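Chemist: Protein chains in written order, with the numbering used here: chain A, 1 to 207; chain B, 1 to 94.
Calculated directly from the structure, the hints in this document are not laboratory data.
Only a predicted model underlies this, so the values are computations on that prediction, with no experimental measurement involved.
By construction, the Cβ of each residue, glycine as well, lies at the ideal position given by its N, Cα and C atoms.
There may be inaccurate statements among the hints.
Stated by the list, open to error - DSS-like, lysine-lysine: derived pairs with alpha carbons at most 30 angstroms apart: (1) B:Lys33 <-> A:Lys117; (2) A:Lys110 <-> B:Lys33; (3) A:Lys52 <-> B:Lys33; (4) A:Lys86 <-> B:Lys12; (5) A:Lys87 <-> B:Lys33; (6) A:Lys171 <-> A:Lys117; (7) A:Lys171 <-> B:Lys33; (8) B:Lys12 <-> A:Lys87; (9) A:Lys171 <-> B:Lys12; (10) B:Lys12 <-> A:Lys89; (11) B:Lys33 <-> A:Lys89; (12) B:Lys33 <-> A:Lys19; (13) A:Lys86 <-> B:Lys33; (14) A:Lys87 <-> A:Lys171; (15) A:Lys19 <-> A:Lys89; (16) A:Lys171 <-> A:Lys52.
What the hints assert, rightly or not - Here are a few chain B residues that face chain A, going by a calculated C-beta distance under 10 angstroms: (17) His7; (18) Thr25; (19) Ala44; (20) Leu56; (21) Met60; (22) Lys63; (23) Pro67.
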Amino acid sequence: MEHVTQHAADQHYDPEANKLGMWLFIFTELLLFGGLFIVYSIYRFLNPESFKMAGHELNLTIGAINTLILLVSSMTIAMSTSALQKKNKGLTVLLLEITIMLAMIFLINKYFEWGVKFDHGIWPGSEHMLNDLSHGEILFFGLYFVMTGLHALHIVVGMIIIIVALNRVQKGTVDENRPTLLENAGLYWHLVDLIWIFLFPLFYLIH
Amino acid sequence: MEKEKHHIVPYKVYFYILALLITFTFLSIGITKINLGEYSVLGAMIFATIKSILVLAWFMHLKFDQPFLRIMVGFVILLFFAVIFITFLDYYYR
Numbered sequence: 001m002e003h004v005t006q007h008a009a010d011q012h013y014d015p016e017a018n019k020l021g022m023w024l025f026i027f028t029e030l031l032l033f034g035g036l037f038i039v040y041s042i043y044r045f046l047n048p049e050s051f052k053m054a055g056h057e058l059n060l061t062i063g064a065i066n067t068l069i070l071l072v073s074s075m076t077i078a079m080s081t082s083a084l085q086k087k088n089k090g091l092t093v094l095l096l097e098i099t100i101m102l103a104m105i106f107l108i109n110k111y112f113e114w115g116v117k118f119d120h121g122i123w124p125g126s127e128h129m130l131n132d133l134s135h136g137e138i139l140f141f142g143l144y145f146v147m148t149g150l151h152a153l154h155i156v157v158g159m160i161i162i163i164v165a166l167n168r169v170q171k172g173t174v175d176e177n178r179p180t181l182l183e184n185a186g187l188y189w190h191l192v193d194l195i196w197i198f199l200f201p202l203f204y205l206i207h
Numbered sequence: 001m002e003k004e005k006h007h008i009v010p011y012k013v014y015f016y017i018l019a020l021l022i023t024f025t026f027l028s029i030g031i032t033k034i035n036l037g038e039y040s041v042l043g044a045m046i047f048a049t050i051k052s053i054l055v056l057a058w059f060m061h062l063k064f065d066q067p068f069l070r071i072m073v074g075f076v077i078l079l080f081f082a083v084i085f086i087t088f089l090d091y092y093y094r
């Protein structure tokens with residue numbers, strides 16, 4: 001009986017269903033990137049030497065720094081859900097702000113990384129790429145731009161979701177009794193991290 | 001019931017997971033610096049798999065969630081490997 005009165009105002013709030021819905025969406029995302037990973041592995045299998053040569057063009061240091069940034073940001077958003085459940089609103093907000101800042105730094109790094117490629121005349125359909133590079137190298141850079149580009153798009157969307165969650169935490173509509181929006185924002189952000197965990201060795205660690 | 005739904009993970013657990021993730025990142029960079037040929041790709045992918053299990057289990061809370069979520073995630077991963085296996089059967093024996 002106590003249970004009923006406690007949740008009378010929240011009769012449409014179902015955390016389990018919310019989480020399940022988020023996971024179903026994450027499955028579609030995993031299969032979207034999964035398809036691209038299959039395309040990558042087939043073309044690498046068919047053009048091993050070109051992929052190796054093209055892979056050396058990428059900047060391992062920037063790739064490694066971006067990996068560390070995403071891993072740390074994943075920890076800060078995971079910690080923010082713990083902070084929310086411990087009713088520490090100030091810390092929750094701070095951790096979410098740090099996460100958004102780290103996402104921003106990731107994108108700035110990506111901007112410079114792509115900028116260097118553009119300066120070397122490498123972008124999809126560029127003169128240099130079509131005239132001077134081998135078939136396999138064109139495939140490598142095509143996949144590089146599509147996969148890291150799609151991933152960067154997910155970073156932007158993730159930032160928007162985290163900003164919305166941050167707003168709701170500040171307004172008090174997301175709190176220790178209704179944490180699902182923040183938890184789902186976290187799940188989305190970890191998905192972005194998860195994809196990068198595989199993008200990094202496949203593109204930057206070819207030797 | 002309420003208690004098992006809202007398992008609060010201590011901050012330090014997340015910190016340890018991050019430390020492990022960073023360690024495996026450097027190990028995967030290290031293994032590709034050593035020239036192991038084919039095996040360096042395999043090594044890097046094994047480290048990436050360990051990292052993704054850490055993220056799925058702790059950061060994404062699968063370890064603390066209801067078992068059906070773990071089963072569903074496992075099924076999606078299995079589906080992915082089935083597709084990649086069948087695709088490679090085709091290309092490998094052409």
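Chemist: Now tell me if each hint is right for this structure.
Modeler: Do the hints match the structure? See the list:
A threshold of 30 angstroms between alpha carbons decides the hint, and for Lys33 of chain B with Lys117 of chain A the separation of about 23 angstroms falls inside it, so the pair holds. For the hint pairing Lys110 of chain A with Lys33 of chain B, the CA-to-CA distance comes to about 23 angstroms; that is within 30 angstroms, so the pair holds. Taking the CA atoms of Lys52 of chain A and Lys33 of chain B, the gap is near 13 angstroms; set against the 30 angstroms cutoff, the hint holds. Note on Lys86 of chain A and Lys12 of chain B: the hinted pairing holds, with a Cα-Cα distance of about 14 angstroms set against a maximum of 30 angstroms.
Proposed proximity of Lys87 of chain A and Lys33 of chain B is contradicted: the alpha carbons are some 46 angstroms apart, above 30 angstroms. Straight-line distance between C-alpha atoms of Lys171 of chain A and Lys117 of chain A comes to about 43 angstroms, which puts the hinted pair past the 30 angstroms bound. Of the pairs offered as hints, the one joining Lys171 of chain A and Lys33 of chain B is violated, with about 50 angstroms between alpha carbons and a cut-off of 30 angstroms exceeded. Among the hinted pairs, Lys12 of chain B with Lys87 of chain A is consistent with the structure: their alpha-carbon atoms are about 17 angstroms apart, no more than 30 angstroms.
Only pairs whose Cα atoms come within 30 angstroms are accepted, and Lys171 of chain A paired with Lys12 of chain B is accepted, the gap being roughly 28 angstroms. Of the supplied pair hints, the one linking Lys12 of chain B and Lys89 of chain A holds, its CA atoms being roughly 19 angstroms apart against a limit of 30 angstroms. Between Lys33 of chain B and Lys89 of chain A, the direct Cα distance comes to roughly 44 angstroms. Violation of the 30 angstroms bound is thereby established for this hinted pair. Between Lys33 of chain B and Lys19 of chain A, the direct Cα distance comes to roughly 41 angstroms. Violation of the 30 angstroms bound is thereby established for this hinted pair.
Under the criterion of a C-alpha separation no larger than 30 angstroms, the hint pairing Lys86 of chain A with Lys33 of chain B is inconsistent with the structure, at around 44 angstroms. A threshold of 30 angstroms between alpha carbons decides the hint, and for Lys87 of chain A with Lys171 of chain A the separation of about 14 angstroms falls inside it, so the pair holds. Between the alpha carbons of Lys19 of chain A and Lys89 of chain A the distance comes to roughly 22 angstroms, so the proposed pair stays at or under 30 angstroms and holds. Using a Cα cut-off of 30 angstroms, the hinted pair Lys171 of chain A and Lys52 of chain A is violated, with the two alpha carbons roughly 51 angstroms apart.
Interface hint at His7 of chain B: satisfied, since its Cβ lies 9 angstroms from the closest Cβ of chain A, which is below the 10 angstroms cut-off. Proximity of Thr25 of chain B to chain A holds as hinted, the smallest CB-CB distance being about 5 angstroms (cut-off 10 angstroms). The interface hint given for Ala44 of chain B is met, as the beta carbon of that residue sits about 4 angstroms from the closest beta carbon of chain A, less than 10 angstroms. The closest approach between the C-beta of Leu56 of chain B and any C-beta of chain A is roughly 7 angstroms, which is under the 10 angstroms cut-off, so the hint is satisfied.
Given the 10 angstroms rule on beta carbons, the hint for Met60 of chain B holds: about 5 angstroms separates it from the nearest Cβ of chain A. The beta carbon of Lys63 of chain B is not positioned within 10 angstroms of any beta carbon in chain A (closest approach about 12 angstroms), and the interface hint is therefore violated. For Pro67 of chain B, the interface hint is violated, the least distance from its beta-carbon to any beta-carbon of chain A being 13 angstroms, above 10 angstroms.
In summary, the numbered hints that this structure violates are 5, 6, 7, 11, 12, 13, 16, 22, 23.
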